[in-house]
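Enquirer: Here are the chains, one letter per residue:
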Amino acid sequence: MAGWFDANLVSILNGFAIGSLLFILAVGLSIVFGMMDVLNLAHGAFFLVGSYLAVSFVAGVSWGGFLAALAVAALFGLLAGGVLSGMTEPLARRPILDQALLTLGISLIVAEVLSIIYGNNVRSVPGPPGLDGSVQVAGSTYPTYRLMLIAVGLLLALVVWLVVERTSIGALVRASVADREMVSAMGIDNRKVKFAVLGIGSMLAAVAGVLGAPVYGARPGLDKTILILALVVVVIGGLGSVRGALIGALVIGQVESLGRALLPELASFILFGTLALVLIIRPRGLFAGKVAHS
Amino acid sequence: MSMAQGSSRRNGTRLGVGLLALTLTAACGGGGSLGGDEGGGEGGGEAGGTVTVGLVIPQAGVYTPLGEDMQQGWDLYLDQHDGQLGGYEVETVVADEGESPDTGVPAVQRLLTEGEVDALVGIVNSATALGVAEQVAEAQIPLIVANAGAEAVTKDAGNPYVWRTSFTNAQVAAAMGEHLAAEGVGPVYVMAPDYAAGQEVVAGFTEAYEAAGGTVAGQTLTPFGSTQDFQPFLSNVQSSGAEAVFVFYAGGEAVSFVQQYDAFGLKDSTPLYGSGFLTEGSVLDAQGESAVGVRTSLHYSTEIDNPANTEFVAAYQEAYGELPTTYAVQAYDAANVLDSALEGVEEVSGQAIAEALETVGEIDDSPRGPWTFNGQTPEQTMYLREVAEVDGTLRNTVVTDLGVFAQP
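Chains A and B, in that order, give the protein sequences.
Per the working numbering, residue 1 is the first one in the first sequence, and the count goes up by one each step.
Per the working numbering, residue 295 is the first one in the second sequence, and the count goes up by one each step.
Be a bit skeptical, because a hint or two may be false.
Reference listing, derived: stretches of chain B covered by chain A, where coverage requires no fewer than 3 residues with Cβ under 8 angstroms from a Cβ of chain A [to be verified]: (1) 418-432; (2) 573-584; (3) 626-635.
Residues from chain B shown here face chain A by an in silico Cβ test under 7 angstroms; the list is partial [claimed, not checked]: (4) 409; (5) 511; (6) 514; (7) 517; (8) 549; (9) 558; (10) 559.
Hints were generated in silico from the structure; no laboratory data involved.
Every value quoted in this text rests on a predicted model; they were computed, and no experiment measured them.
Quick reminder that beta carbons are idealized off the backbone N, C-alpha and C, glycines included.
Construct the entire structure; sequences and hints are all you get.
Expert: Now the structure itself:
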């Protein structure tokens, strides 16, 4: 057993790194869909905007560039989420598919604009100074940047959980999910709540794009791949639950890393196999929010 | 799903337009084809007829950079030859191949049904090439495939109208297989994406390598299009006891693979070899330092030392401000082949061009070095290339040539 653990330690570690990145990516999608009933299919496109911002600010050359890319991405995400909130408002009483079509359309437009600005070549982004190398972990070489991703992911998980569960803003968000009419009867405009939640959710997507750039690079089509991964995480974890998004992301991180290392011949099947298994056992996800979307 | 519906509707429209055009042509008593006869009818190069060539290249989707290179290679040849091939004025009609047969096959169909083209050049995707092989034969319009590397294009699905100026997947891999066996590098681990081209490369490499006495340490076919992170597969390479690794990746996967191969420390312990597409074109810039020292086999490199290549590279750099790629050379050579074929054509028709292609013989002024058609696909020199920094940019330097290889 100990031998097995040693042999696969790097894969397990890598599972945590990928899981952390997936959490930052998916938690926004999960909160927005689970709490605000908006299925934001432009989430992957916002991620890609973040990745290309990392390319623009040549994030790897200096910490200044990397932090600037993060700041601009966060600002972009907030604004984009706000705009999206306004655009989905007229569709709020229509079936969820209408919103999905709107956001899908937006994601296609964003992807096309990115391809016009940045061209179609694959771009890569080095990690910031000090994190662009590799270190020895249990006798194997491992990229330093990915170790930092684990720390950032867990930190963000803690912050988001505290905000949603332990602050009055979080309480307001949870209340407007549970009973929208009652919240507005108390004099609170729940459009503002939706505006804020979508803004922060989209901000997390764009920030994840910058953080993911040194791992995934930036290229046309990455938005779709990322969106599918995020949707799988959300479905496995359960909608509208921070804890669910974290567990879902960590599970998928391990499936994509350790699972593929142990069963390389099943590599293309194992992700959706896990998804199917979870859907059979817990159709609403492992940790569905208290008020799940039906 | 909605995207698929969108594209099929668009395809439907294209087909509809094509049919309408066909009906109109018929109604005018074949006016279109009469015009065509008038164009090339006077025969011979000196009369100054025209030939219309459909250039089918990706203008959207992941293969767009390849399409741009092919367009530039094609344009450069025409610019250098006063816009003429074999004495005929060339009119190029560009069609968007897109990413898959869903878009590529209708693009070709449209060119065929409109009845305007005398020959077709292009096609990046093998599935698209296989999808249109029968149709070009029915329409009697020759197709010169300028990239797609599936063996079947000029073998099982081949016909007298389908020609190729590029390579076959197994041809490129077999050259490296023989070389590594001769070098005695020790057990080799083989990796490629799990789709038709990847499988052909793995099979072609393994067959040639084992036939020459090499041993394979293991192989993995990674999920195509959904593998962002190669760590799980790389950890299996490390535990397999492999002394070298041979891979085939292209585009985004090539960038991720080469960078992660370095980041996870394999580059220092286990030399990386590959099919040339691993380090070809724009991916090399994105790979950066990680790619230095990677050795690949391919039928072209900008660093090949022959007068035709020196001249080609200089002209290409002057025209486009960047180094040419193998994709550009393949389109450039497609124009070259058509040039030779049209020399002997009295009256332009698809059938006449296809017949003339049989007699082209050796292409002796190609940037890749002299090559000939063998089974309608190039029998050509394969080069062993190594990535190194030259004049501040990364290039595929030529280590040696690996000999002349035909389609296996």
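Enquirer: Does the segment 626-635 of chain B contain three or more residues whose Cβ lies closer than 8 angstroms to a Cβ of chain A?
Expert: Three-residue rule not met by the segment 626-635 of chain B, so violated; n is 0.
Enquirer: Mind checking, does the segment 573-584 of chain B have 3 or more residues with a CB under 8 angstroms from chain A?
Expert: holds (count 6)
Enquirer: Under the criterion of a CB-CB separation shorter than 7 angstroms, is residue 558 (chain B) in contact with chain A as hinted?
Expert: Holds, because the Cβ-Cβ distance from residue 558 (chain B) to chain A comes to roughly 6 angstroms (cut-off 7 angstroms).
Enquirer: Please check whether residue 549 (chain B) passes as an interface residue: C-beta within 7 angstroms of a C-beta belonging to chain A.
Expert: holds (5 angstroms)
Enquirer: Tell me if chain A covers the segment 418-432 of chain B under the three-residue, 8 angstroms CB rule, please?
Expert: Since three or more residues must qualify, the claim that chain A covers the segment 418-432 of chain B is violated, with 0 doing so at under 8 angstroms.
Enquirer: Identify whether the interface hint at residue 517 (chain B) stands, where standing means a beta carbon of chain A within less than 7 angstroms of its own.
Expert: With a minimum Cβ separation of about 3 angstroms from chain A (threshold 7 angstroms), the hint on residue 517 (chain B) holds.
Enquirer: Tell me if the interface restraint on residue 409 (chain B) is satisfied: Cβ within less than 7 angstroms of some Cβ in chain A.
Expert: violated (32 angstroms)
Enquirer: Does residue 514 (chain B) pass the interface hint, meaning its C-beta sits closer than 7 angstroms to a C-beta of chain A?
Expert: holds (5 angstroms)
Enquirer: Report holds or violated for the interface hint on residue 511 (chain B), using the least CB-CB distance to chain A and a cut-off of 7 angstroms.
Expert: violated (14 angstroms)
Enquirer: Can residue 559 (chain B) be said to touch chain A, with a Cβ gap under 7 angstroms?
Expert: holds (3 angstroms)
This entry does not satisfy hints 1, 3, 4 and 5, going by the numbered hints stated previously.
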